[in-house]
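Chemist: Listed below, chain by chain, are the residues.
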Amino acid sequence: MHELGVTFYVVRDVKKVAEENGIDRIDFVTLEIGEVSGVINEQLTDCWNWARKKEKVTENTELIIENLEAVSFCECCQREFGTIDYGKTCPYCGGGNTYLLRGNEFNIKEIGVYDNT
Amino acid sequence: MSTVKVIEVHESVFSSNDKTAALLREKLSEQKVFMLNVMSSPGSGKTTLLSKAINMLKDEYKIGVMDVDIESSLDAQKVADATGVPSIQIHNGGLCHIDAEMTEKAIEEFEKVLKDDAKSNSIADFDILFLENIGNLVCPAEFDTGAHRSMMILSVPEGDDKPLKYPLMFSVCDLVVISKTDTMKFFDFNEKRAIENIKRLNPKADILFVSAKTGEGMNEFCEWIRANSTNPRNICKCE
Ligand SMILES: Nc1nc2c(ncn2[C@@H]2O[C@H](COP(=O)(O)OP(=O)(O)O)[C@@H](O)[C@H]2O)c(=O)[nH]1
Ligand SMILES: [Mg+2]
Ligand SMILES: [Zn+2]
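Chains E and L are the protein sequences, given in the same order. Using the numbering used here, you'd call the opening residue of the first sequence number -15 and step up by one each time. Using the numbering used here, you'd call the opening residue of the second sequence number 163 and step up by one each time.
Read the hints as simulated data drawn from the structure, not as lab findings. Keep in mind the model is a prediction, meaning the values are calculated, not measured. From the three backbone atoms N, C-alpha and C, an ideal C-beta is built for every residue, glycine too. Among the hints, a few may not be true.
[What the hints assert, rightly or not] Pairs of lysine-lysine residues, derived as DSBU-like cross-links and limited to a Cα-Cα distance of at most 35 Å, are as follows: (1) 72(E) / 220(L); (2) 0(E) / 274(L); (3) 220(L) / 181(L); (4) 189(L) / 93(E); (5) 361(L) / 72(E); (6) 93(E) / 181(L); (7) 375(L) / 361(L).
[What the hints assert, rightly or not] If the Cβ cut is set under 7 Å, some of the chain E residues that face chain L in the computed set are: (8) -14; (9) -10; (10) -6; (11) 70; (12) 87; (13) 90; (14) 91; (15) 94; (16) 95; (17) 97; (18) 98; (19) 100.
For reference, chain E alone in the conformation it holds in the complex:
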C-alpha cells in the first residue's frame, strides 16, 4: 500500500520536470531505489502502470528501476558490510553496534524522451 502513495509523488514530480522543460510526453523515468527502502519493485511497477494513466504526460511512460545496494557501518571495527546479507550484526567482529549508511533511497534519477526523427 505504501507503493501507491509514493507513486503519486513520482507522477507529480516528473510532471513538474516535464513542464519546466517544455516536454509534453515522457517515454521513461528512472528511479533509484535502495534495497531497504521498503519498496517492492513489482508492486511499484503495478502501481505505476495504473497511476501513470491519470496524466497525459505520463500516460505511456515506462518505469525503470535501479536498485541501490544497502550498506551498513560497524562502530566497533569501523568497517562496511552489506545490510541485506548480514542485517544488524557485523560479519567481521560480530558486533551489533551498526547503522545504515545507505540503501534507503527513493530518488527520481532521470526522465527520458525518444526523439523519433
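Based on the hints, put chain L with the ligands in the right spot on chain E.
Modeler: Frame of chain E; chain L with the ligands shown alone:
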C-alpha cells in the same frame, strides 16, 4: 534511428514534502503553535492517550486536535466528547499516510470550522495542536508533516521486538511512549530489551512508560509536552 533526450533529476521523492513541511513548521512557530504528530499501529492507544492528556493540560493551554486515524472516522468526535476541545476529522482519501501538504490543507479547513463555530478565531489561538496520524508504522514515518515533534506509541501487547521490525518509525520519533503498561503482567514484555532496541535505533529518543487506563506515567507524559512546547519559536528541526 531514435535518439534519446535525458533530463537528469536526481531528487528524492520526499524532498518537496520536506520543503513544504519546513515552511509549515516555520509558520506555526511564528504563530506560537506547537504541533505534535502522534503515530502508532492501529489500536495502540493514540485516541485514548490524547484524550487523557488533553484533560490534564486543557486548563493551562489552548488545545486543538486533528485526526486522520482511519480506524474509525469518529476519533475526532471521541476526543472532542472526552475533552471538549475543538477537533477536526481529516479525510485523506484512504492513503497510507498524511504529508505536509495535506496537513496544511487540514489546518486551513480547521481554521474555517473554527471561524464558523466562533469558539476561536484562528489556529494561532492554539498553544498546542495534536495530529493523530493514521494507524500504520511504515508509511507515516517517511513523511514529515510539519509538526515540531513526532512521537509514537508502542503498546505492551505488540511486543518489545517491534523496533526491530519497523526501524524507520522508531528512528524518526522524538518520543516513544510504551503504553498499556497495566497489561504488562499478561505479556512477555521485557522493558530493558525494549529500551535497548529503541536506543540502538535512536539514541536521542525519550522513552516513557504510560498507562492511560491506570494513569501511570501520565504526569511524566504531560511534563514532556510542557517541556517541548514551551517555546515553539525555538523549536527547529534543522541540524
Ligand atoms: N488496558 C489498556 N487499554 C488501553 C489503554 N489505552 C488504550 N486502551 C484500549 O486500546 C483500544 C484502542 O485504543 P485507541 O485509543 O482507540 O487506539 P488508536 O487506534 O491508536 O487511536 C481501546 O479499546 C482502548 O480502550 C491502556 O493504557 N491500557
Ligand atoms: Mg485513534
Ligand atoms: Zn565490526
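Chemist: Does residue 94(E) pass the interface hint, meaning its C-beta sits closer than 7 Å to a C-beta of chain L?
Modeler: It holds, given that the least Cβ distance between residue 94(E) and chain L is near 5 Å, below 7 Å.
Chemist: Hint check: residue 189(L) vs residue 93(E), CA-CA at most 35 Å. Holds or violated?
Modeler: holds, 32 Å
Chemist: Do the alpha carbons of residue 361(L) and residue 72(E) lie within 35 Å of each other, as the hint requires?
Modeler: Given pair residue 361(L), residue 72(E) holds - Cα atoms ~14 Å apart, limit 35 Å.
Chemist: Classify the hint on residue 97(E) as holds or violated, based on whether any CB of chain L lies nearer than 7 Å to its CB.
Modeler: Interface hint status for residue 97(E): holds (5 Å vs cutoff 7 Å).
Chemist: Under the criterion of a CB-CB separation shorter than 7 Å, is residue 91(E) in contact with chain L as hinted?
Modeler: For residue 91(E), the interface hint holds, since the closest Cβ of chain L sits about 5 Å away, which is under 7 Å.
Chemist: Classify the hint on residue 100(E) as holds or violated, based on whether any CB of chain L lies nearer than 7 Å to its CB.
Modeler: holds, 5 Å
Chemist: Let's test the interface hint: is any C-beta of chain L closer than 7 Å to that of residue -14(E)?
Modeler: Cβ of residue -14(E) sits 5 Å from chain L, so the hint holds.
Chemist: Between residue 72(E) and residue 220(L), does the CA-CA distance stay at or below 35 Å?
Modeler: violated, 43 Å
Chemist: Residue 375(L) and residue 361(L) were given as a pair; does the straight-line alpha-carbon distance stay at or below 35 Å?
Modeler: Holds. Residue 375(L) to residue 361(L) sits at ~26 Å (cutoff 35 Å).
Chemist: Using the nearest Cβ pair, does residue 70(E) come within less than 7 Å of chain L?
Modeler: violated, 15 Å
Chemist: Does residue 95(E) hold up as a contact with chain L if the rule is Cβ-Cβ below 7 Å?
Modeler: holds, 5 Å
Chemist: For the restraint on residue 87(E), tell me whether the closest CB of chain L is nearer than 7 Å.
Modeler: Constraint on residue 87(E) not satisfied, violated at 12 Å.
The structure shown violates the earlier hints numbered 1, 11 and 12.
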